[in-house]
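Sequences and hints are given; from them, build the entire structure.
Residues per chain, in single letters:
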Amino acid sequence: QKEVEQDPGPLSVPEGAIVSLNCTYSNSAFQYFMWYRQYSRKGPELLMYTYSSGNKEDGRFTAQVDKSSKYISLFIRDSQPSDSATYLCAMSARQAGTALIFGKGTTLSVSS
Amino acid sequence: DTGVSQNPRHKITKRGQNVTFRCDPISEHNRLYWYRQTLGQGPEFLTYFQNEAQLEKSRLLSDRFSAERPKGSFSTLEIQRTEQGDSAMYLCASSFSGGNDYEQYFGPGTRLTVT
Numbered sequence: 001q002k003e004v005e006q007d008p009g010p011l012s013v014p015e016g017a018i019v020s021l022n023c024t025y026s027n028s029a030f031q032y033f034m035w036y037r038q039y040s041r042k043g044p045e046l047l048m049y050t051y052s053s054g055n056k057e058d059g060r061f062t063a064q065v066d067k068s069s070k071y072i073s074l075f076i077r078d079s080q081p082s083d084s085a086t087y088l089c090a091m092s093a094r095q096a097g098t099a100l101i102f103g104k105g106t107t108l109s110v111s112s
Numbered sequence: 001d002t003g004v005s006q007n008p009r010h011k012i013t014k015r016g017q018n019v020t021f022r023c024d025p026i027s028e029h030n031r032l033y034w035y036r037q038t039l040g041q042g043p044e045f046l047t048y049f050q051n052e053a054q055l056e057k058s059r060l061l062s063d064r065f066s067a068e069r070p071k072g073s074f075s076t077l078e079i080q081r082t083e084q085g086d087s088a089m090y091l092c093a094s095s096f097s098g099g100n101d102y103e104q105y106f107g108p109g110t111r112l113t114v115t
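The listed protein sequences correspond, in order, to chains A and B.
Our numbering puts the first residue of the first sequence at 1, with every later residue one more than the last.
Our numbering puts the first residue of the second sequence at 1, with every later residue one more than the last.
These aren't lab readings, by the way, just hints derived from the structure by calculation.
Just so we're clear, the structure is a prediction, and the values are computed from it rather than from any experiment.
Among these hints, one or two may not hold up.
Derived CB-CB ranges, DEER-like [stated by the list, open to error]:
1) F96(B) / S40(A): 21 to 31 Å
2) G72(B) / S20(A): 38 to 48 Å
3) E103(B) / Y39(A): 12 to 22 Å
Every residue gets a Cβ at the ideal spot worked out from N, C-alpha and C, and that includes glycine.
Shown next, in the form of structure tokens:
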């Protein structure tokens, strides 16, 4: 079993839909949770960061962490064609100077 | 552009040859990371530097791989005697200790194809 599991999709939605992306993990030491967006043939770009459990909102994006279930989510409201990309969850046990453990990524396609 | 830069962007080499990649981090960032990403997978950690010191290496980093950051600025990743399994995207990231260190900023990557 990999430390971080993420459904690779692909996920196809119409413009304006609410998108839910999820990851599960097995290492209870993880405390820092990130979501990255990666466009084709580009490097990952940090979208959201959450420490421990709880919710965090940034514009159309909401990140949720449920440490008791070892489950994290990213919600995208009013999805746009420009949101079409691969979304990677990443986690670490320490805040500083540590490797990030990534999921496989979920490929999202938003059609206009 | 003040982001992380990587060169070359693409490299095609024959099996058995040596290759070297370069990463220039964001100028004030003292931490630098190398990751490898294969098709359909997330990035996998290879190694990490704080300033010029290599502080952590993954078991993925075989003896054929070596990384340096001689003056705590740019870094190089060398692969000796390349194998077809080395074909991947090699990503560099940097962060600033003392800031939000979880914010690792990634470069565009170097895509390696071993024929």
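Verification of the hints:
Between F96(B) and S40(A) the C-beta distance comes to about 28 Å, which sits within the given range of 21 to 31 Å. Checked against the hint of 38 to 48 Å, the C-beta distance between G72(B) and S20(A) comes to roughly 42 Å, which is consistent with it. For E103(B) and Y39(A), the hinted distance range of 12 to 22 Å is satisfied, since their beta carbons lie about 19 Å from each other.
Hint compliance for this structure: no hint is broken.
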